[in-house]
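In the order they appear, the protein sequences are chains R and E.
Position one of the first sequence corresponds to residue 64 (my numbering), numbered consecutively onward.
Position one of the second sequence corresponds to residue 491 (my numbering), numbered consecutively onward.
The reader is advised that the hints may include incorrect statements.
Stated by the list, open to error - Residues on chain E that point at chain R, a partial pick, calculated with CB under 7 Å:
1) D604
2) H618
3) S652
4) G659
Keep in mind that the hints were calculated from the coordinates and are not lab data.
Quick reminder that beta carbons are idealized off the backbone N, C-alpha and C, glycines included.
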Amino acid sequence: MNHDTAVFGQTRGMGELVEVPDRVTELAPFGTELAALGAERPEIVALTADMARYSDVLPFRDAHPERFFNVGMAEQNLILTAAGLAKTGKIAYCTTYSVFVTRRAYDFVAIACAHSMADVKIFAGMPGLLNGYGATHQATEDLNMVRGIADLTVIDPCDATELRQVVRAVADIPGTVYVRLLRGNVPVELGPDYRFVPGQAALLREGSGVGVISTGYMTARALEAARRAQRDGVRAGVLHVPTIKPFDTEAVLDFAGRFDRLVVAENHKTTGGLATLVTEAMFDAGLLRPVLRVGLADEFFECGSQEYLEAKYGLDLPRMVRALVDGT
Amino acid sequence: MSTTSAAPAAVDVLALRDKAHALRRSMMEMTRGKGEGYIAQGLGIADVLAALYFSELRHDPARPDWPDRDRFLLSTGHYSIAMYAVLAEAGYLDPAELPTYGLNGSRLPMSTFDTTPGVEIVGGSLGHGLGQGVGMALGLRLDGSPARVFVELSDGELDEGSTWESAMGGATFGCDNLVALVDCNGIQADGPVTVAIEPVADKFTAFGWTTQEIDGNDMQALVDALQACRARDGRPKAIVLRTTPGCGVPSLVDRPRAHFVRVTDAEWADLMDELEASRGR
Numbered sequence: 064m065n066h067d068t069a070v071f072g073q074t075r076g077m078g079e080l081v082e083v084p085d086r087v088t089e090l091a092p093f094g095t096e097l098a099a100l101g102a103e104r105p106e107i108v109a110l111t112a113d114m115a116r117y118s119d120v121l122p123f124r125d126a127h128p129e130r131f132f133n134v135g136m137a138e139q140n141l142i143l144t145a146a147g148l149a150k151t152g153k154i155a156y157c158t159t160y161s162v163f164v165t166r167r168a169y170d171f172v173a174i175a176c177a178h179s180m181a182d183v184k185i186f187a188g189m190p191g192l193l194n195g196y197g198a199t200h201q202a203t204e205d206l207n208m209v210r211g212i213a214d215l216t217v218i219d220p221c222d223a224t225e226l227r228q229v230v231r232a233v234a235d236i237p238g239t240v241y242v243r244l245l246r247g248n249v250p251v252e253l254g255p256d257y258r259f260v261p262g263q264a265a266l267l268r269e270g271s272g273v274g275v276i277s278t279g280y281m282t283a284r285a286l287e288a289a290r291r292a293q294r295d296g297v298r299a300g301v302l303h304v305p306t307i308k309p310f311d312t313e314a315v316l317d318f319a320g321r322f323d324r325l326v327v328a329e330n331h332k333t334t335g336g337l338a339t340l341v342t343e344a345m346f347d348a349g350l351l352r353p354v355l356r357v358g359l360a361d362e363f364f365e366c367g368s369q370e371y372l373e374a375k376y377g378l379d380l381p382r383m384v385r386a387l388v389d390g391t
Numbered sequence: 491m492s493t494t495s496a497a498p499a500a501v502d503v504l505a506l507r508d509k510a511h512a513l514r515r516s517m518m519e520m521t522r523g524k525g526e527g528y529i530a531q532g533l534g535i536a537d538v539l540a541a542l543y544f545s546e547l548r549h550d551p552a553r554p555d556w557p558d559r560d561r562f563l564l565s566t567g568h569y570s571i572a573m574y575a576v577l578a579e580a581g582y583l584d585p586a587e588l589p590t591y592g593l594n595g596s597r598l599p600m601s602t603f604d605t606t607p608g609v610e611i612v613g614g615s616l617g618h619g620l621g622q623g624v625g626m627a628l629g630l631r632l633d634g635s636p637a638r639v640f641v642e643l644s645d646g647e648l649d650e651g652s653t654w655e656s657a658m659g660g661a662t663f664g665c666d667n668l669v670a671l672v673d674c675n676g677i678q679a680d681g682p683v684t685v686a687i688e689p690v691a692d693k694f695t696a697f698g699w700t701t702q703e704i705d706g707n708d709m710q711a712l713v714d715a716l717q718a719c720r721a722r723d724g725r726p727k728a729i730v731l732r733t734t735p736g737c738g739v740p741s742l743v744d745r746p747r748a749h750f751v752r753v754t755d756a757e758w759a760d761l762m763d764e765l766e767a768s769r770g771r
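Whenever a hint applies, use it, and build me the whole structure from the sequences.
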């Protein structure tokens, strides 16, 4: 890959997914996959709003400079320009932080993009607590916001393997797609046989008694917790729900019905995101089970390292293990 | 009518004035049918639309999706009455459909949707047009298309910050296939434009645009200004149009709340008489 590794090295700052010594990671799976896809499909363009370094899109810029546009710190114009490009037959991949595309450019995503089924694929960086810059930069309610927009697809990938597949899949999903972007050194959790299918949940681990329904980054945490919990005799099942909208109600209900109690885990507030969708679906179907929601409270969050924030606000591994083993 | 060549041709200004008059008649009839509408703005911009659709735009009503068509983006979706009038006159819509304007279930809603033939974007949420125009200009340039993008926006709409983000973007990317048509009619929802947006032309110039300022109800000035925008010189173009809301129907010009006008059956005939009397002014 011909990207600027010197510049790339500078991107490792607060909020980036950190390298873990005993775990496989991939550097910038989004940008490298998009650069490769761009070589195959000339209709792909990429845009950023002054977040090229911080959203891993540099490999695309370096491979296809004539199809790359940096609009500056202007998220409204980012989305509008992408919509215009899409309306001339392009597939417009956009990057900025989740907070800026949702809180700031919401009307533009809804009307200029989704309403017109414009081929705009928004890769929204550092969702939830993956950004350590405090509430201004932490998209802890973005799923709640974007799932409220009609004709919009919403995806929260788990790891580098899935993210690469999502980069390719969204090019063929008609209309506007919102993807929560994992950047930097992204863990590889899912095996080589994993296949992302838009709109479908994936059963990653069989179990009995307690079942975890999770999305995004927290699915990796759920799998790790399930392995730990097994030492205590708990065989937790894990259902990964990468597509938040459209929601795979059938798979969720089928999974939920097979367990005595459920844990829903997400890197998002426990209101308005996955837990809300799961409990609504269960209640509508008359399927009543205890559901423990692992996620963020309805508050604003501090600055800090990923480890500090996860521990303080309850997304870390001990929290997940406790949810599975003790049910608290 | 359609033009398929950008080559300058002799322009029949009198014929374009007739077209503008026909658009005004259509708008008046649509307002009568519905009893209300954004008629004042529509009458004000009739000359601009006539000049565009019957002289400047490369377009073909038989092929509304022709990739190399010039795009016209109506950012102020509530000017839809003017849009439908010109789309019917140009052959995109059956004129018999115009009386459904604003009625339940119509393809011609009070604010424009891109599902209406000839309408490029969902308008009406203000501040959306210019940025999409920038994107379209970039997309057409990538394709090597000769097509250009014309974006209508209004002075009240300049309150929206996104417009200025897009103005900077258009200049940054050197979109010389992009023309902003800024309808400065001095009114917005609460009455006269209140925010200190003047001097509008100086602002576009400062942002890197080649800017002209003209009487937007002067057909000869419109034709000349649009032709001057054909230069492919690396700069986007802006035409600041000073238009008169209600132009062509003096009683509507003077109406105190001209932003949204209700016309009763009793007064409609008088207003139509005024329109006919103003023809060929």
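Now for the hints, and whether the structure bears them out:
Because the smallest distance between the Cβ of E/D604 and any Cβ of chain R comes to about 6 Å, under 7 Å, the interface hint for this residue holds. Because the smallest distance between the Cβ of E/H618 and any Cβ of chain R comes to about 5 Å, under 7 Å, the interface hint for this residue holds. Checking E/S652 against chain R: minimum C-beta separation of about 4 Å stays under 7 Å; hint holds. Interface hint at E/G659: satisfied, since its Cβ lies 5 Å from the closest Cβ of chain R, which is below the 7 Å cut-off.
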